[in-house]
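Participant: Going down the list, the sequences are from chains V and P. Going by our numbering, the first sequence opens with residue 882, and the numbers climb by one from there. Going by our numbering, the second sequence opens with residue 206, and the numbers climb by one from there.
Incorrect hints may have been included.
[Stated by the list, open to error] Here's a subset of chain P near chain V, in silico, CB distances under 8 Å, partners left out: (1) Glu311; (2) Ala313; (3) Gly331.
[Said to hold, decoys possible] Pairs of lysine-lysine, DSBU-like flavour, derived with a Cα cap of 30 Å: (4) P:Lys407 - V:Lys983; (5) V:Lys983 - P:Lys400; (6) V:Lys903 - P:Lys401; (7) P:Lys365 - P:Lys295.
Derived from the structure by calculation, the hints contain no laboratory data. All residues carry an ideal CB built from backbone N, CA and C; glycine is no exception.
As a plain string of letters, each chain reads:
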Amino acid sequence: MNVDSIQNGIVIDHIRAGSAMKLYELLHLGDLDAPVAIMKNVTSKKLGKKDIIKIDAELSVDLAVIGYVDPEATVNIIKDGELVEKRKIGMPELLTNVLFCKNPRCVTSTEQELPHVFKLTDRERRVYRCIYCETAAGK
Amino acid sequence: MKRSVIDISDLSTEEIRELIRVAEDIIGHPADYEEACRHRKLATLFFEPSTRTRLSFEAAMYELGGNVISVAGGNTSSAAKGESIADTAKTVSCYADIIAMRHPKEGAAYVAAQNASIPVINAGDGGHCHPTQTLADLLTIWREKGTFENLTIGLCGDLKFGRTVHSLIQAMSRYAGVRFVLISPEELKLPSYVKKDVLAAKGIAYTQTTDLLGAMPDLDILYMTRVQRERFFNEEDYLRLKDSYILTPQKLANAKKDLSVMHPLPRVNEISVAVDDDPRAAYFKQVLYGKYMRMALILKLLKEAGRL
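Required output: the full structure, derived from the provided sequences and hints.
Facilitator: Okay, here's the thing in structure tokens:
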């Protein structure tokens, strides 16, 4: 299967197999008016199988979202067909307006202007909690 | 520097010990504190019904020689007109020196603290936190037992929605040799995240049971709680569970002679009135100690904010 190399854009590589669609949704890539390729279950020496997303457009993506979905994923910045930067993201400490608190008793349920912020409270178990009511985010 | 207290974990064990020291000094020498907060104003913003907590804060401020301005009930305030908590906090910061706030939504006090230019004390945010109740509980335990260490604490009733229970567990789990006995009906058991994140994470010993009588002989402290109607979405569940545990003099027969019975109050019927005369009943002392701890906390936060 061939997907053309991109000229100027981003390749999100080493995504845990099966996580690409979640990333696609959380990054709102469906709203983009640019070529986006999702490659699922690609053979990987390191992971066995992996997903890849290629975005053929110069844009800034929310790296925290990528780190939340898969802290092992890498982001490659492509310019004029060349790899100019390779970044490993890791797990972000804070997520703003990525996850939304589902606790009906949370202050965010009535205060419409408040950003929904989740904080990493347990790195080992990858638990994020709402900074207001401390409800854990359901993955 | 302005600092707020939203959760009991905002205070270190050293700070709690210092608050207890100040509270005991106030108890011993009340006259020394009569003018301590002269010309300072406490704003009590209560968007949810409360009698004792609001009166306790107001009495605390008056006994420090300060003044109180208040909003009682969201229906009479700008909140009823749709004002945000953030705007309310900014506005009240222009009038007062410190805020005590109760709100039905979890995290409301945190939002107020982020936006106020004066200290905010969380006086209860829904089922989430109620740190000054925990301070009252801690002073009670300290004065009843003289230590926070090596105590077996029975927590009885609504351990699921009871915010005072969660905060007390969090506070007491910082001391050595503390053991918890969790006594509740199946439906109102302590949430697993408290067991996992607090008890298991800190290696605190605990047992769970539905049998109050069986647990009684081991306890140094019995902390009773009310099954709170306002925390249930379903009236049927409330009615089914509200009478799960009722403490009577007969049930205390096998308890230690120096047991302390505590309750954050108000009670409905979970402690029979006949228990009030038992010397082990500590719940009205707990109310009084709550006022002294609020006095100590108001003093501390006003001093830190450079307003005293």
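Participant: Mind listing which of the numbered hints don't hold for this structure, in increasing order?
Facilitator: Going through the list in order, the structure violates hint 7 alone and respects the others.
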